[in-house]
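Trainee: Here is what each chain is made of, one letter per residue.
2 protein chains.
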Amino acid sequence: MNEGYNVAIVGATGMVGQAFVQVLKERRFPVKKWKLLASARSVDKTINIGGEAYTIEEAGPDAFRGIDFAFFSAGGEISKDLAPEAVKKGAVVIDNSSAFRMDPEVPLVVPEVNPDAVLRHKGLISNPNCSTIQMVVALQPLHAAVGLKRVVAATYQAVSGAGKEAVDELKDQSRAVLDGQEPEKAVIPYKGATTHHQIAFNMVPHIDVVEDSDYTKEEMKMIKETRKIMGLENLPITVTTVRVPVFNGHSEALNVELKAPLSPIEARQLFYEAAGVVVMDDPANFVYPMPAMTEGKDEVFVGRIRADGSVPYGLNLWVVADNIRKGAATNSVQIAELLI
Amino acid sequence: MNEGYNVAIVGATGMVGQAFVQVLKERRFPVKKWKLLASARSVDKTINIGGEAYTIEEAGPDAFRGIDFAFFSAGGEISKDLAPEAVKKGAVVIDNSSAFRMDPEVPLVVPEVNPDAVLRHKGLISNPNCSTIQMVVALQPLHAAVGLKRVVAATYQAVSGAGKEAVDELKDQSRAVLDGQEPEKAVIPYKGATTHHQIAFNMVPHIDVVEDSDYTKEEMKMIKETRKIMGLENLPITVTTVRVPVFNGHSEALNVELKAPLSPIEARQLFYEAAGVVVMDDPANFVYPMPAMTEGKDEVFVGRIRADGSVPYGLNLWVVADNIRKGAATNSVQIAELLI
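Protein sequences, first through last, are from chains L and X.
Adding 1172 to a residue's 1-based position in the first sequence gives its number in this note's numbering.
Adding 1172 to a residue's 1-based position in the second sequence gives its number in this note's numbering.
Bound conformation, chain L alone (with noise of 0.2 Å):
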């Protein structure tokens, strides 16, 4: 019998990276080793995850040293340093940054989607976006039934998707915002801009660096990461990301034209028998996901299934997840459980 793996966790300090160490121990993923692995600045830390303590190691080339599993999370340039020293070392790197997503050789994985793309590894294996990973969750039950024709995305999406700093500044504003002072902003839209806009009691249109077409690249992110994780070279869909005051859990309107007929309540059935998805929908009764019911939770979350009669096969959606969680560490985790 295997006696586990030796796994490493890259940027162990942050939420993401310790999500990693939790959702492994709560899915009994065999684990012989931990190594937890940050910057030097935090080495000899130790931190407390689940109730146990873990020291923190300097993350190097030499420290993959007979590790089986490196799950990294600490940003692209950290990956692109570190991940094909990982590689080297024999560890397979699953990847939660955008370093490596749309490299043709790199498979982008949600299980639930696309699991048989695991084969094609060759030594990393890259996890898609938060927001594009519960948008596929929802999606595929669908386009397996019938076919997507086009797909309308708006997004709401929790701080916790910009880091703990970010966490820290929804609370610090809303605290200021309600003692009538003048909120500090430092994160939002994203850490070293040259302008930040408060998050508390706001809405940010706005999520990662702006790119040529006036699109950002979170959205850009959820139009081509989605178009390959479905095998669906020309999907057409567009997509509005903003950031919303919420900790954690993303939230997403879609709006679904299908390539032949399906009624909301065959939808619904689809999504009742689909793996990773759990179905709230029953609007007269009040039930529908909402971020603050599905933190700590590892489904993507379906509700307000709708008609829609201004195109001939049109759908409504509200999909919700826990972005650290289905939308991060979980599905890392589960690409993992696909290898072993």
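It should be emphasised that the hints constitute simulated quantities derived from the structure, not laboratory data.
Since this is a predicted model, take the numbers as computed values, not measurements.
One or more of the hints may lead you astray.
Residues from chain X that face chain L, not an exhaustive set, calculated with beta carbons under 8 Å [unchecked claim]: (1) Tyr1328; (2) Pro1361; (3) Pro1377; (4) Asp1386; (5) Ala1456.
EDC-like mimics (lysine to aspartate or glutamate), calculated; alpha carbons at most 16 Å apart, straight line [to be verified]: (6) Lys1252/X - Glu1277/X; (7) Lys1343/L - Asp1351/X; (8) Lys1343/L - Asp1344/X; (9) Lys1205/X - Glu1175/X; (10) Lys1469/L - Glu1198/L; (11) Lys1343/X - Asp1344/L; (12) Lys1205/X - Glu1229/X; (13) Lys1396/L - Glu1383/L; (14) Lys1343/X - Asp1351/L; (15) Lys1252/X - Asp1275/X; (16) Lys1363/L - Asp1340/L; (17) Lys1357/L - Asp1344/L.
Pair by pair, the computed Cβ-Cβ distance ranges are [unchecked claim]: (18) Ala1432/L - Gly1481/X: 20 to 28 Å; (19) Glu1337/X - Glu1445/L: 37 to 45 Å; (20) Thr1218/X - Asp1344/L: 36 to 44 Å; (21) Gly1352/X - Val1459/L: 24 to 32 Å.
Glycine included, each C-beta is placed from N, C-alpha and C at the ideal position.
Position chain X relative to chain L; hints supplied.
Mentor: Coordinates of chain X only, in the frame set by chain L:
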């Protein structure tokens, strides 16, 4: 020279009621005599609006003798009871409730879109739903230029749209959550609901009651009212409305299919020239409309104007407005201005 008009405000203790007074004064509407009306329990109270004190009188059929304009915002039931009485007494009623909006005899007016409709009034003019108004102001220049083929809207609606109690609830719940307490829930999705949801740091995809189609009444208002105001009886349009933890200012992600080509540059030019629209659209320099900056403004703010390549002539817009001002009070006062 006309000495001015006698003006009654019905629902004067509410947020929109007070905004009526403020906007009438700011816009120097020629008021000869004010009559601030509310329910019996507020009678003889004095309310302070913009530094001036007004005494509340009881709203009843006799209150409208000698009144030229009566602005109503006290809910549909009060409007159904008292608006016909006010009309009988010779007043022109501008009603902010949904009671008469879809009545074919009653004009439903947004001055930037269908000013001529006021001419058909028989004493009563309806003011549209807040989220409808800002949408049609943004759609009209596009429609006038090239025609609309289809609209997909997702909204991000502030709690002020649910009244003062909802604003207080968001404050109280936010403090409770920040202090680690269980928030009290009584107003969202609406008062009298059998279940209430937390709005602080949450998204509630439910505004007003749920109808048979599983669309909410708010969603159906946006669909039906848009068609009536724009005179596009069969306009293909679908909507998802969501309540968000913002005090004031509704945002909307609009995806528009046009009947002929229109580049983002051309669209921007149309919006620059459009009445009541302010363009804020330089995302690379962090410029786009946000509710935190539209508070107290009368215009509709448009940004994130982008080509949508998923259909032949697609365009994405992000539209923000102060729902208490342009979404209610300002639009009503503009209607009265058309008549004098």
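Trainee: Please list, smallest to largest, the hint numbers that this structure does not respect.
Mentor: Going through the list in order, the structure violates no hint and respects every one.
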